[in-house]
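Undergrad: Sequence:
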Amino acid sequence: MRRQDQKEDQVRRMLDAPHPQVPAGLAERAAEQGGRMLRRRRALRVLVMFVLCVAVVAFTVWVVIAEPWQVPPTETTPPLDGQ
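Quick note on numbering: the sequence shown equals residues 0 to 82 in numbering that gives the first Met the number 0.
Hints should not be assumed to be uniformly reliable.
Said to hold, decoys possible - If you anchor each label on the Cβ, the simulated ranges turn out as follows:
hint, residue 1, residue 2, range
1, Phe49, Arg28, 29 to 39 Å
2, Gln3, Gln32, 27 to 37 Å
3, Met48, Thr75, 43 to 53 Å
4, Leu25, Val55, 40 to 50 Å
5, Ala29, Phe49, 25 to 35 Å
6, Val50, Pro71, 25 to 35 Å
7, Gly34, Arg12, 46 to 56 Å
8, Arg44, Ala65, 26 to 36 Å
9, Arg1, Val50, 52 to 62 Å
10, Ala57, Glu31, 36 to 46 Å
11, Val55, Leu14, 49 to 59 Å
12, Arg41, Val70, 21 to 31 Å
13, Glu7, Val53, 30 to 40 Å
14, Gln20, Val53, 46 to 56 Å
Bear in mind the hints are in silico, worked out from the structure with no lab data behind them.
Idealized CB from N, CA, C, for every residue including glycine.
All chains, full assembly: derive it from the sequences and hints.
TA: This is the structure:
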């Protein structure tokens, strides 16, 4: 017998057996837990977007103030050798 056939037979036997009793209130508890998970994900997403926006604003302010593309002025002047 193939492994796939064995798995199918096991599944059929499990489905033919009497179904276990489901605890009372299971659906309500699952819905509440799912709602909490969705609220946490939404809050995390909002927090990440807020931090990302703050980082973009901070970077923009730094770029405007520091102007990193400008070559810094030289600290010393070259020696003057002229007669």
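Undergrad: Falls inside 46 to 56 Å, the C-beta gap from Gly34 to Arg12?
TA: Violated, at about 36 Å.
Undergrad: 25 to 35 Å was suggested as the range; check whether the CB atoms of Ala29 and Phe49 agree with it.
TA: The hinted range 25 to 35 Å holds for Ala29 and Phe49, with Cβ atoms some 30 Å apart.
Undergrad: Okay, Arg44 versus Ala65 on CB: inside 26 to 36 Å?
TA: holds (31 Å)
Undergrad: Holds or violated: the 30 to 40 Å window for the beta-carbon distance between Glu7 and Val53?
TA: The hint (30 to 40 Å, Cβ to Cβ) is violated, given that Glu7 and Val53 are roughly 55 Å apart.
Undergrad: Check the following: the C-beta atoms of Arg41 and Val70 are separated by a distance inside 21 to 31 Å.
TA: With Cβ atoms ~47 Å apart, the hint is violated.
Undergrad: Within 46 to 56 Å or not, the Cβ separation of Gln20 and Val53?
TA: holds (52 Å)
Undergrad: Does the Cβ distance between Leu25 and Val55 fall inside 40 to 50 Å?
TA: holds (45 Å)
Undergrad: Against the range 49 to 59 Å, how does the distance between the Cβ atoms of Val55 and Leu14 compare: consistent or not?
TA: Given about 54 Å between the Cβ atoms, the range holds.
Undergrad: Determine whether the Cβ-Cβ distance between Gln3 and Gln32 falls within the hinted range of 27 to 37 Å.
TA: holds (35 Å)
Undergrad: If you check the beta carbons of Val50 and Pro71, does the distance land in 25 to 35 Å?
TA: holds (31 Å)
Undergrad: Taking the beta carbons of Met48 and Thr75, is their distance inside 43 to 53 Å?
TA: holds (48 Å)
Undergrad: Honestly, do Arg1 and Val50 meet the 52 to 62 Å range at C-beta?
TA: For Val50 against Arg1, whose Cβ atoms are near 53 Å apart, the range 52 to 62 Å holds.
In summary, the structure is inconsistent with hints 7, 12, 13 from the numbered list given earlier, while agreeing with the others.
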